[in-house]
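Student: Work out the full structure, taking the sequences as your base and the hints as a guide.
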Amino acid sequence: MDEYKIYHLRRRPNHAHLEIGNTSEYKALRQRLNCKSFKWFLDNVAYEMAEKYPLPPANLVWGEMRNELYTDKCADTLGNQYGQRVSIGGCHGQGGNQLFRINTEGEWSVDEQCYISERDSIVARHCVQGGKWIPKGEWKYDNQTRQILSTNVNKCVATDGKVLLLETCQNNSTAQKWTWKETYIV
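Here the numbering used here is used: the first residue of the sequence shown is 1, the next is one more, and so on.
Hints are computed from structural coordinates only; laboratory data are not their basis. Predicted, not measured: the structure shown is a model, and the values here were computed from it. Be aware that one or more of the hints could be misleading.
The calculated lysine-lysine pairs, modelled on PhoX-like cross-linking and capped at a C-alpha distance of 25 Å, are [said to hold, decoys possible]: (1) Lys73 to Lys140; (2) Lys73 to Lys39; (3) Lys140 to Lys155; (4) Lys52 to Lys136; (5) Lys181 to Lys140.
Tutor: Written out as structure tokens, the structure is:
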């Protein structure tokens, strides 16, 4: 993937420490066969990919999203489908459904599931709708207050111990405070 490795790691940051072994033979074969670059492939073969799946911006925070009121609970998709709410589950440290990220453009996601505000709920949507990448700019994480703000509804992410929900922001509410633990599974 050449210089595109960084973009894969933005969507799957836990892959950064995977041991892939010695790749020198593959690199030599590519050179011997005079193979084209991954950029050439994207520009000439899969040229529609950039519009449907633009290169992701850098992650602001990522990892296990642990709540400060329910200290043994983490945000968890629990395998929920699109349109369903984000849940809370016991922190297991195994990544997967508990590896969330918020990037520098305000997108909050797990894999290709993006999270959006819907009244006082947070629901999963496919990141691509109608051939366009959505949403951008809705979420902000404040490192000092440890709150996640939806700029669409001007409310903070909280939990009741079962699901994530949106509430009026209160700096002293531990149900609205989240810490992030980068989790690498190797």
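Student: Are the hints correct? Go through all of them and say.
Tutor: Now the hints, each set against the structure:
no.	hint	in the structure
1	Lys73 to Lys140	holds, 21 Å
2	Lys73 to Lys39	violated, 41 Å
3	Lys140 to Lys155	holds, 11 Å
4	Lys52 to Lys136	holds, 14 Å
5	Lys181 to Lys140	holds, 17 Å
Against the hints set out earlier in the document, a violation occurs for number 2 only.
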